[in-house]
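Residue numbers (our numbering), protein chains in the order written: chain V, 10 to 359; chain S, 106 to 395.
Derived from the structure by calculation, the hints contain no laboratory data.
A virtual CB, placed ideally from N, CA and C, is assigned to each residue, including glycine.
Please note: incorrect hints may appear among the correct ones.
[Stated by the list, open to error] Heads up, simulated DSSO-like pairs for lysine-lysine below, C-alpha to C-alpha not over 27 Å straight-line:
1) K196(V) x K222(V)
2) K50(V) x K217(S)
3) K254(V) x K217(S)
4) K311(V) x K217(S)
5) K354(V) x K217(S)
6) K239(V) x K184(V)
7) K217(S) x K75(V)
8) K50(V) x K169(V)
9) K239(V) x K129(V)
[Claimed, not checked] Have a look at the derived ranges for each label pair, beta carbon to beta carbon:
10) L365(S) x P74(V): 37 to 45 Å
11) E197(S) x R83(V): 39 to 47 Å
12) P243(V) x K217(S): 35 to 43 Å
13) E289(V) x I340(S): 12 to 20 Å
14) E331(V) x M345(S): 36 to 44 Å
15) Q213(V) x L212(S): 37 to 45 Å
16) W160(S) x G227(V): 57 to 65 Å
17) D104(V) x N111(S): 45 to 53 Å
[Said to hold, decoys possible] Some chain V residues judged to face chain S by a derived CB distance under 10 Å, without partners named:
18) E66
19) R73
20) P278
21) P279
22) S280
23) H282
24) H283
25) V284
26) I288
27) R292
28) T312
29) A315
30) N318
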Amino acid sequence: MKAHRTLLLGFVVAATAIQVWGSEKPLRVVATLPDYAAIAKAIGCERISVQAIVSGEQDAHYIRPKPSFVAMVRDADVLLDTGLDLEMWLPTVVDKSGNAKVRSGQEGYVAVAKGLDLLKKPKVLSRSEGGVHLYGNPHITSSPVNMRTVARNITAGLIKNDPEGKAYYQEHADKFIRELDERMFGKALGDILGGDTLAGLAAQGKLYGFLAKQAHEGKPLIDQLGGWMKQMLPLRGKPIVTYHKNWVYFFTLFELEEAGTVEPKPGIPPSPHHVLSLIENMRQRDVRILLAANYFDQHQVKTVAARVNAEPVIVPLYVGGEESVETYFDLVDLWVSRLVATAQKTGVLK
Amino acid sequence: MNVTVNFFVMQITLIAVVLVLHTYLGLHIIRRGIIFSDLVLDQLAAFGVMVGIGWGIRYGTPLSYVLALGATLIGCALLAVLRPRNRLIPQEAVIGILYGMAMVASLLLADKMREGGASLNATLVGSMLWVSWPLVWVTIGIYAALGLLHALCRGPMLRLTEDPSAWPRRAAWDFLFFVTQGIITILIVPVAGVLLAYGFLMIPAAIGTMFSRRWVPALLIGWGTGFVACVLGVITSYRMDSPYGPTLMLAMGAFFVLALVVSTWLACRRSTVPAGLAAGSVGAETGGLR
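Here chain V stands alone, though its shape is the one from the complex:
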């Protein structure tokens, strides 16, 4: 009888220990891009553990699946993916992992771009256009305004897989979006118009125009603008050449003019005609800035820039792409500060 009681007690203790251990075990989140991982960490904090497959200085289009990715996805509770045709290598990794929970459409899978109004949807679907993206441009991370939707989608995914943490995730997500809004538009303007209204206008590239026409308490509303939008305001309408079309959302948000791309069709090397026209155009229009992600061939970027007396702005596209870039806010800070500094250096901004 005593032996039975001891055994029963042992079972109870073991079951309790397993339950406690299980409840304290963080939710395992795997993100394709480091930006999604950084945002998930800001929302999930200590309730989650998070890893990113792509590192900050890699081109997310061309990732070669490795066994370590399979191991990462195999153990994941939640998988964060753009949900477009950027990470084309992901289905192979998910298949090999055997983790049915994180397959597309399942509870553990989160398409972070869901609900975003995508730009540059192709009118003609043809492989002759190079690496065409069927649903529209997938480089959504280049615009901070898109990260509001991304943060909400991530929050919904975390709650679905860890319902007990709902209030916790919601609180941190609200905090993240508030901080994002403040860094984008400044606190004063956010208090007047609210983040949703501002973000809606900014995503369509209409914020500067709207603010210029409106007044608040007898003063132009644009005077209330702060944050990155204010820093970038002097560059509004300025022509900038990019290496690849991965800045479309950034250009729309800050109302910059994309005056051409070095690589006209993604993934296909340029022709002499294209390069010579680009150089001619840059000279004629006095385009002084060439923007490129740091995973492209910097030699080419610098050569074109040197030929037309322009300054290359080579920046990481993702979080972790440079040592100092640890959060998404650091990343946008770096983009904005380098562009503004280069514009001043080249005389684009007097």
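Guided by the hints, dock chain S onto chain V, whose structure is given.
Chain S only, in chain V's frame:
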């Protein structure tokens, strides 16, 4: 000078200079039957460039060339020394294995690098579109020096290719030959890429060899057809708005196929005429440069 005119003059000058030495070395390589040795050296030069990028050394800088040279010299030494004694294992097997190792080493390195994908792609397709006049002048100077060296050493070099058996000094001359090949490799690979660099070396030389066994005519035919093919490639690429390096390679490839057809036709025609009349024509020619 107008941007477009400057582009054409610069590209055609570079191509003309590159083809002289590449066609000559290509003739040696074809006659020696070490067809893929250049691919090994090209790939090793690309590997050296990529190691440099991984260490933060900019593509196309002197230090980048030094690293490419280091990797290429290792390849030259291996090519000169590694000769399987087993007759069933030909030298081409060693070359193939070395190429495979250099290629996968580059892939593994690319995986760990920031610009890995772009660098690997650049080493394959090159960046010939982006050359500048200083680079063209440097190339002309180095190619002239190497051309002079080959002219001075043409005796041993020709023996190396035509009658290397029972020659104690073979390994030393072999090494010198591969070193000159290695130097042009490290100059041309960052510019033209592994594939086009291989095309420059092999295609004109192969065309020249089709029409003459003698060195000077083969060199002139190879250089001439290679040059015309490349100029047509430059113009086609510009007019048709097609990627530059691949178009040049395809133009040379088209000339190679055309040369094959013409040489076959000439051989058929010769076989239909009396033997006495065909003496001295294609395939019957032998002889040397000396």
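Evaluation of the provided hints:
{"no.": "1", "hint": "K196(V) x K222(V)", "result": "holds, 20 Å"}
{"no.": "2", "hint": "K50(V) x K217(S)", "result": "holds, 25 Å"}
{"no.": "3", "hint": "K254(V) x K217(S)", "result": "holds, 25 Å"}
{"no.": "4", "hint": "K311(V) x K217(S)", "result": "holds, 23 Å"}
{"no.": "5", "hint": "K354(V) x K217(S)", "result": "violated, 34 Å"}
{"no.": "6", "hint": "K239(V) x K184(V)", "result": "holds, 22 Å"}
{"no.": "7", "hint": "K217(S) x K75(V)", "result": "holds, 12 Å"}
{"no.": "8", "hint": "K50(V) x K169(V)", "result": "holds, 16 Å"}
{"no.": "9", "hint": "K239(V) x K129(V)", "result": "holds, 26 Å"}
{"no.": "10", "hint": "L365(S) x P74(V): 37 to 45 Å", "result": "holds, 41 Å"}
{"no.": "11", "hint": "E197(S) x R83(V): 39 to 47 Å", "result": "holds, 43 Å"}
{"no.": "12", "hint": "P243(V) x K217(S): 35 to 43 Å", "result": "holds, 40 Å"}
{"no.": "13", "hint": "E289(V) x I340(S): 12 to 20 Å", "result": "holds, 19 Å"}
{"no.": "14", "hint": "E331(V) x M345(S): 36 to 44 Å", "result": "holds, 39 Å"}
{"no.": "15", "hint": "Q213(V) x L212(S): 37 to 45 Å", "result": "holds, 43 Å"}
{"no.": "16", "hint": "W160(S) x G227(V): 57 to 65 Å", "result": "holds, 60 Å"}
{"no.": "17", "hint": "D104(V) x N111(S): 45 to 53 Å", "result": "holds, 52 Å"}
{"no.": "18", "hint": "E66", "result": "holds, 4 Å"}
{"no.": "19", "hint": "R73", "result": "holds, 6 Å"}
{"no.": "20", "hint": "P278", "result": "holds, 4 Å"}
{"no.": "21", "hint": "P279", "result": "holds, 7 Å"}
{"no.": "22", "hint": "S280", "result": "holds, 5 Å"}
{"no.": "23", "hint": "H282", "result": "holds, 5 Å"}
{"no.": "24", "hint": "H283", "result": "holds, 6 Å"}
{"no.": "25", "hint": "V284", "result": "holds, 6 Å"}
{"no.": "26", "hint": "I288", "result": "holds, 6 Å"}
{"no.": "27", "hint": "R292", "result": "holds, 8 Å"}
{"no.": "28", "hint": "T312", "result": "holds, 4 Å"}
{"no.": "29", "hint": "A315", "result": "holds, 8 Å"}
{"no.": "30", "hint": "N318", "result": "violated, 13 Å"}
Checked against the numbered hints given earlier, the structure breaks hints 5 and 30 and satisfies all the rest.
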